Amino acid sequence: MSVAGSAFTVALGLSAAAAVAGLAAPRRTRPLLVGLGTTAAGVAGVVAGVAALGGGSFSAWLPDLLPLAGVRLALDPLGGLFVAVTGAVAVCAAVYGVGYVAPNAVEDGSHGDGRAVQAMLPLFVAAMLLVPAAASVSTLLVVWELMALTSLLLVLAEHRRRAAVGEAARWYAVMTHLGLLVILAGLVGFAAAAHGESFAQLRAAAGGMSPAVRGAVFATTLLGFASKAGVVPLHVWLPRAHPEAPSYVSALMSAAMVNLGVYGVLRVGLDLLGGGSRWWWLLVLAAGAGSALYGILQAVVAVDLKRLLAYSTTENMGLVFIGVGAGGYFAATGSRVLAGLALTAGLLHLVNHAGFKTVLFCSAGSVLRATGSRDLDALGGLRSRMPVTTALFAIGALAASALPPGNGFVSEWLLLQSLVHALPTSATATAVVMPLAVAVVALTAGLAVATFVKAFGVGFLARPRGPGAEQARESPPSMLAGTGLAAIACVALAVAPAAVLPGLSRAAGAALGAGAVDSVHGPVTLRLTGFAGSMSPLLIAVALLAAAVGALAGVRSLVVRRARRVARLWDCGAGPMTARMQYTATSFAEPLQRVFDDVLAPETDVDVTPTAESAYLVERVKFQARVPDRIEYRLYRPVLAATRMVGEAARGLANGSVHRYLGYGFFAFTGLLIVLAVIR
Amino acid sequence: MLSLLRKIRATGRVAEPAPPRPAAPGPDRAVELGGSVQVRHVDAGSCNGCEVEIASAFGPVYDAERYGARLVASPRHADVLLVTGPVTRNMEVALRRTFEAVPEPRLVVACGDCALNGGVFAGAYGVVGPVSDVVAVDVEVPGCPPAPEVIVAALRGLTGR
Amino acid sequence: MTASGALGAAAQVAVVGGGSPLLVGLMRQVRARMEGRAGAGVLQPWRDLRKLLRKEPITPAGTAWVFRAAPLVLAATVLVVAAVAPFATTSSPLDRIADLFAVAALLALGTVALALAGLDTGTAFGGMGASREMTVMALVEPTILLSVFALSVRVGSTNLAAIVGEAVRDPRAVISPVSLLAAVALAVATVAEAGRLPVDNPSTHLELTMIHEAMVLEYAGPDLALVEWASAMRLSVLLGLLTSLFAPWGITTGAGLAVLPLALVVFAAKVAALGVVLAAGEVFLAKLRLFRVPELLAGSFLLALLAVAASFFLG
Chain A
0 MSVAGSAFTV
10 ALGLSAAAAV
20 AGLAAPRRTR
30 PLLVGLGTTA
40 AGVAGVVAGV
50 AALGGGSFSA
60 WLPDLLPLAG
70 VRLALDPLGG
80 LFVAVTGAVA
90 VCAAVYGVGY
100 VAPNAVEDGS
110 HGDGRAVQAM
120 LPLFVAAMLL
130 VPAAASVSTL
140 LVVWELMALT
150 SLLLVLAEHR
160 RRAAVGEAAR
170 WYAVMTHLGL
180 LVILAGLVGF
190 AAAAHGESFA
200 QLRAAAGGMS
210 PAVRGAVFAT
220 TLLGFASKAG
230 VVPLHVWLPR
240 AHPEAPSYVS
250 ALMSAAMVNL
260 GVYGVLRVGL
270 DLLGGGSRWW
280 WLLVLAAGAG
290 SALYGILQAV
300 VAVDLKRLLA
310 YSTTENMGLV
320 FIGVGAGGYF
330 AATGSRVLAG
340 LALTAGLLHL
350 VNHAGFKTVL
360 FCSAGSVLRA
370 TGSRDLDALG
380 GLRSRMPVTT
390 ALFAIGALAA
400 SALPPGNGFV
410 SEWLLLQSLV
420 HALPTSATAT
430 AVVMPLAVAV
440 VALTAGLAVA
450 TFVKAFGVGF
460 LARPRGPGAE
470 QARESPPSML
480 AGTGLAAIAC
490 VALAVAPAAV
500 LPGLSRAAGA
510 ALGAGAVDSV
520 HGPVTLRLTG
530 FAGSMSPLLI
540 AVALLAAAVG
550 ALAGVRSLVV
560 RRARRVARLW
570 DCGAGPMTAR
580 MQYTATSFAE
590 PLQRVFDDVL
600 APETDVDVTP
610 TAESAYLVER
620 VKFQARVPDR
630 IEYRLYRPVL
640 AATRMVGEAA
650 RGLANGSVHR
660 YLGYGFFAFT
670 GLLIVLAVIR
Chain B
0 MLSLLRKIRA
10 TGRVAEPAPP
20 RPAAPGPDRA
30 VELGGSVQVR
40 HVDAGSCNGC
50 EVEIASAFGP
60 VYDAERYGAR
70 LVASPRHADV
80 LLVTGPVTRN
90 MEVALRRTFE
100 AVPEPRLVVA
110 CGDCALNGGV
120 FAGAYGVVGP
130 VSDVVAVDVE
140 VPGCPPAPEV
150 IVAALRGLTG
160 R
Chain C
0 MTASGALGAA
10 AQVAVVGGGS
20 PLLVGLMRQV
30 RARMEGRAGA
40 GVLQPWRDLR
50 KLLRKEPITP
60 AGTAWVFRAA
70 PLVLAATVLV
80 VAAVAPFATT
90 SSPLDRIADL
100 FAVAALLALG
110 TVALALAGLD
120 TGTAFGGMGA
130 SREMTVMALV
140 EPTILLSVFA
150 LSVRVGSTNL
160 AAIVGEAVRD
170 PRAVISPVSL
180 LAAVALAVAT
190 VAEAGRLPVD
200 NPSTHLELTM
210 IHEAMVLEYA
220 GPDLALVEWA
230 SAMRLSVLLG
240 LLTSLFAPWG
250 ITTGAGLAVL
260 PLALVVFAAK
270 VAALGVVLAA
280 GEVFLAKLRL
290 FRVPELLAGS
300 FLLALLAVAA
310 SFFLG
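Protein chains in written order, with numbering that gives the first Met the number 0: chain A, 0 to 679; chain B, 0 to 160; chain C, 0 to 314.
In case anyone wonders, no lab produced these hints; they're calculated from the structure.
Model, not experiment: these values are computed from the prediction.
Treat each hint with caution, since some may be false.
Said to hold, decoys possible - Here chain A is said to cover these stretches of chain C; the calculated rule only asks that three of the stretch's residues, wherever they fall, bring their Cβ under 8 Å from a Cβ of chain A:
#, region
1, 75-81
2, 87-97
3, 155-167
4, 214-228
5, 305-311
We put the CB at the ideal spot given by N, CA and C, even for glycine.
In isolation and in its complexed conformation, chain A is listed as follows (with noise of 0.2 Å):
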């Protein structure tokens, strides 16, 4: 068996010895032994995922595992990439678990050190790297419903402390099925019109069936795919699940999880139906460029930093969107190269977003295990009780800002230069799509700066708002150990993503049914084939380290040497100014509500409760103001209602009546008969 095939059933084994040891283990040694067994499992994948990007793959089929229609896998470098993404992130989430379920002063309870939990973190990683490896549609979907499973039962860790979690586990639970439905139905009847269930019948098939067929599969599986990675209007389980999951499922469900939506667009849209028409591609496009915007217009007002962070995948999903559906458009339209640098970027943004989301992720949950408070609001001068943690978060809020010299950036550039490289030699609809496919990502880049200056600057700087943020003190070595890890990964991808780029290339060939399409290359300075445009993040970063140590120099020899004082805030003279007095998340974010409150529609409540004897003496007064999810209220409420409508009015049918009920089987069998009979 080739590397990638044994590195990868050594992931599955070591997995299934993290569950069995979840189970049986006591509570001392449990989430240790859990936490190595899927460290080294994470690893394993990585090694098998890397394998496959570097061409070497491997394929197994197991008729008798599952009844009827067996398990089949392959692993091909397309595949090959989630996987490597999925080990990876896994790797830092288990190093960090080990400590986050560790009881601790602030927070009583236990922290999801329970058995169940324990076991289900290693069967999801399982099962997350088992998706990409699928290769039939049966296998794809027990595998998707596993990993549906496993991420519920995980996101109800601590359903017993907060009654949050169970509402949305609830919502998580209910859309993720209907995401698998939706699947179901359009992978289904792929495989009905290919008369065969394997990726490989349904690829020779594809070719053969009408463009509706193809059409209407493609727009099936999209709407489930596009739910799992969180693109609007499908996305409102995420800001729930993720916030109310414990910090390294949430870490794990945003950097791996959400990935693999991207990754069933491309295996049936691309590779499995071979491209398709442009339309679906404007289609992805457009789902993309609204999550983008919708996503980083509610992490800017979001207070509670896990929130903000889930809207934040949303908008880096969006982003992702947008690199798949520009680049199936222009294969589409027969622009190789450019559809190869579309891809390219788009999935190296998805590896830079594991990246930096990880490491967010695992330093909030720093941060709510410290303090005991996600809202931001009350939080602030963790930068002297949690230097690593405060340093560590800087890291992923400069990637995640997409600024230089932060490996966001990177992929960022990368994906406006596809865009912007697409217009000479193009069709209207291309003229009209890409300058505003542009005006979103700058948009959006800018929003996002906005956001991560909040969320750093509010959250880590200053003096503390509360007394949760006072008492706050370092985390435990394996936490800041995860945490690490993942900053060490997206500071190479920002100094090199040159060592990454050819396995991309060749992800993307893979998707394009291509060999490796090689848009970007060269060691230092990133060089695009076939258009000009050229950078250098390293250079770029060792310029401004040069030129930061050049001031320094000059301001230091131009200087009167005088010794430094340490002075009282400057707060005009009166005082004392108490931490209150600083800005919080909600008034940072309140010009930005102000320019959008169109889209956003921010309610505010007040409650004016009058004292007992008299209706004009006021004895409190309650104001609060919140930003909902407007999607969900304007879509989702009334279907909701609706159903809740056809719900009463159905009972009105089961009213107790024993000859009403015969009545039903009665009527409904001498129906059945007399249609039987004309139809014949």
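Let chain A serve as the given structure and place chains B and C on it in line with the hints.
Using the frame of chain A, we list chains B and C on its own:
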């Protein structure tokens, strides 16, 4: 906009020609400032008469800015505190804190009779005392209110221009 | 990489570093003369910087490395942009490492550093300045990137040397509709990024009207000198980018060393002229309410979008 442009051309230069430089040298620490003096004004309980004159001093007619003095918003950006008014009880701590916020080398200019010796309000119940009771004063500008030329001359003594 | 290119880049940095306080002084002098005053002279900002370097450095209680490092990051980003951009020569060796997108992102990094410093102080004004600055910056990004897109279409590249070199070779490109629309859009974006009227008043004393100033209220001494110098350089660099992209005459494209001093002088003259126009224009403008600034920026965004459409439909 055109009418404004015509007005600018018609008005021409408003600033009066600079009077001869004051003969008396300024305090020694002001020499270090090298012709650039940032001034932070502190109203320590004044009746605003001195403020009107200071506004005139920095206005187009007397144009104190041409000698290198400039008003700034934050004491951290300033070299000189321009204090007006007798120091009231409520402003005593504020004045001291403003002075401490200014980086060295720093000077204090007491502007107006109230700042020098309490002026009309000397001995009132709400007044702590002249500015020199609260912070050390380097330059005194007498008058109630002092004419803008006197204020400008004091600032020129600091900038040396 | 050629010797003249490297020398040109170094000379650009020197001219920008040394000349930007003079530019600020010139703009203040023009404003003063138009207001009927005599003005402090063009050299006054140099005197201010010299004095600030002699003052006592102060660290406000409770701030830490973010506050200390922000002026350095701001200065570093502007210095890198000054070395990359083709102000006097298009053969700078750093041109390949950063294109217009990267230059815009570097300028944004400088703004972010200062905003974080404002938040680090923990004062209400610092947070207010940071919040407003981030709002303006988020809304300016689409205009800048779309204008870059419009300018890059004809040339097929977003690298500055390519765009400017093409404009030098074919001067009619500068007066094409694409170029004119992009010029107006970028002019509004420059005013917003540099913090000039009507978006922000650099000489206001009222904290509630401040955007940029509010973030630097706590800086003193050499730190303040670095911030002031870096802000002046930022203004010069932004005006220099405008002149290089839309009035590229005088920029050397060849490898000749002899033409370099002339090119630097022409660059300085162009930036000074643009600065005078900007300062004169500011006399007629009042600062916009903060919540009217998005309307101005939306207008510039529309112009940039029209520029891209023109670049497609008009070739």
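Annotated coverage of the region 87-97 of chain C by chain A, confirmed only when three residues or more have a Cβ within 8 Å:
Contact hint for the region 87-97 of chain C vs chain A: holds, 4 residues under 8 Å.
Coverage claim, chain A over the region 214-228 of chain C, checked by counting residues with Cβ within 8 Å (three needed):
Coverage by chain A holds for the region 214-228 of chain C (6 residues, Cβ < 8 Å).
Taking 8 Å as the Cβ threshold, is the statement that the region 155-167 of chain C is covered by chain A upheld or broken by the three-residue rule?
With 5 residues closer than 8 Å to chain A, the region 155-167 of chain C meets the three-residue bar; holds.
For the region 75-81 of chain C, do three or more residues have a beta carbon lying closer than 8 Å to a beta carbon of chain A?
holds (count 4)
Coverage assertion for the region 305-311 of chain C with respect to chain A, Cβ distance below 8 Å, three residues required:
holds (count 4)
No hint from the list above goes unmet by this structure.
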